[in-house]
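Following the hints, put chain Z in place on chain B, whose structure we already have.
Line by line, the protein sequences are chains B and Z.
Taken in order, the first sequence gives residues 1 to 218; the numbers are from the numbering used here.
Taken in order, the second sequence gives residues 219 to 378; the numbers are from the numbering used here.
Check the hints yourself; a few may be wrong.
Unchecked claim - In the SDA-like style, the derived pairs of lysine to any residue whose C-alpha atoms are separated by at most 20 angstroms in a straight line are:
#, chain 1, residue 1, chain 2, residue 2
1, B, Lys191, Z, Ile235
2, B, Lys191, Z, Ile359
3, B, Lys197, Z, Ser362
4, B, Lys191, Z, Ser333
5, B, Lys191, Z, Ile271
Worth flagging that the hints you see were computed from the coordinates, not collected in a lab.
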Amino acid sequence: MNIDLYISIDSCRDLAIYLEKLDIELIGIEQSVLEKCLNDILSSSNTIPIHERVIVPRIYHESSQNRLLPHNRRRALPLCKPDSLSTARLLAKLKSLMSIAVTPSTLRYVDESQINVLTQVRIRKYLEVLLSEFLLLVDTGNVKAHVEKYMYFLGDAIEYALKRDVGVIVSSGSRRLVDAIHPRQIDAVLKYLGFTKRERNLMLVVYPMEILKQWLGV
Amino acid sequence: MIYLIAIAALILSLISIAITLYILYTHGTIDEVDIALKILRRHVYGARRSRRIKRYVLLKVVCLDPSIDMDMFIKSLTKHIRSSMGSTTRFRCDIALISYSVENGRAILRVTGDSLCLDLVLATLSIRHFIDRVSCLTIPIRVSGLVSRLRKFIGVFRAT
Numbered sequence: 001m002n003i004d005l006y007i008s009i010d011s012c013r014d015l016a017i018y019l020e021k022l023d024i025e026l027i028g029i030e031q032s033v034l035e036k037c038l039n040d041i042l043s044s045s046n047t048i049p050i051h052e053r054v055i056v057p058r059i060y061h062e063s064s065q066n067r068l069l070p071h072n073r074r075r076a077l078p079l080c081k082p083d084s085l086s087t088a089r090l091l092a093k094l095k096s097l098m099s100i101a102v103t104p105s106t107l108r109y110v111d112e113s114q115i116n117v118l119t120q121v122r123i124r125k126y127l128e129v130l131l132s133e134f135l136l137l138v139d140t141g142n143v144k145a146h147v148e149k150y151m152y153f154l155g156d157a158i159e160y161a162l163k164r165d166v167g168v169i170v171s172s173g174s175r176r177l178v179d180a181i182h183p184r185q186i187d188a189v190l191k192y193l194g195f196t197k198r199e200r201n202l203m204l205v206v207y208p209m210e211i212l213k214q215w216l217g218v
Numbered sequence: 219m220i221y222l223i224a225i226a227a228l229i230l231s232l233i234s235i236a237i238t239l240y241i242l243y244t245h246g247t248i249d250e251v252d253i254a255l256k257i258l259r260r261h262v263y264g265a266r267r268s269r270r271i272k273r274y275v276l277l278k279v280v281c282l283d284p285s286i287d288m289d290m291f292i293k294s295l296t297k298h299i300r301s302s303m304g305s306t307t308r309f310r311c312d313i314a315l316i317s318y319s320v321e322n323g324r325a326i327l328r329v330t331g332d333s334l335c336l337d338l339v340l341a342t343l344s345i346r347h348f349i350d351r352v353s354c355l356t357i358p359i360r361v362s363g364l365v366s367r368l369r370k371f372i373g374v375f376r377a378t
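If we strip away everything but chain B, and leave its shape as in the complex, we get (with noise of 0.2 angstroms):
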């Protein structure tokens, strides 16, 4: 089954052409996109019939110490990302559904301590690891950005989340159609950082389903 819990394609086009060619079963969406884009997403003929894909409305949202949380995170799946070390510790501590937002620029607060914080917390808590804008640093020209370090961080913090179960989603992020990358993509790029199986089945598969779940009440 492929999963991919969060795309933000804010073009509806590219987002009929994105549904349209890739065989994704359950997609997430950003809510004001779907609300914009949804006779396009309904118009376009699929590779995977309407009736048979599940779209989950997300929240992007950019947590600050004064808004951690989005106000409408009961019609969406909300998905923070920390503006400092302090809010992710806080959102951390948080007993609300949400995913906390893994990129570059956040990575540096998923350490261990924030992981400790993470298993305290009696509800599972789920690290959302935007893997294109990592990927977006593999540019040649970018000559600054030092990618491998980033992808070792990366693959350390995970090992460490799933070590210590804590729920670790990986999806696309894609910003625009070029970004795209398909679930089985994302799979090949977790086992060339050396994951098994099981973990890729768990970061792709498992823990989505089961925050979707968690969210609808089921």
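Chain Z alone, transformed into the frame defined by chain B:
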């Protein structure tokens, strides 16, 4: 008489072996021999030849930009992968396009090299479009040691 000579020669050789082992043990050389034997058991020498594998990778090619000619892209796919992989990795990793179908957007690649080479090719296929910025996704679907298994998987049987 002959038996006596043979027995004497045997005893002499046993004594010489015992003396050699005693000298090696006392000089610490026996440990080095032991290490050398362990290394040989681990197949460190000759590993370059023994680890060479051949795998077939079934790909799904999806061009998100309608202006790209998929036929041309698939034909030049190995060139794209090689340029994304880098020059030095090509020493131990050979890629060849075996067959493809533009209608179904499928291709079969042959990867020859060590076991790490396969993982490297799969990762390169996955992130290739981030490097060369050609918006055609090359999605690895299945890996097999036999091309016939892949053909069976996609439901195409070659008449033999």
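Against the structure, the hints:
1. Restraint check: the Cα-Cα separation between Lys191(B) and Ile235(Z) comes to about 52 angstroms, which exceeds 20 angstroms; the hinted pair is violated.
2. For the given pair, Lys191(B) sits about 14 angstroms from Ile359(Z) by alpha-carbon distance, which is consistent with the 20 angstroms threshold.
3. With a CA separation close to 16 angstroms, the supplied pair Lys197(B) and Ser362(Z) stays within the 20 angstroms bound.
4. Taking the CA atoms of Lys191(B) and Ser333(Z), the gap is near 13 angstroms; set against the 20 angstroms cutoff, the hint holds.
5. At roughly 18 angstroms between alpha-carbon atoms, Lys191(B) and Ile271(Z) fall within 20 angstroms of each other, so this suggested pair holds.
Of the numbered hints listed earlier, the single one contradicted by the structure is hint 1.
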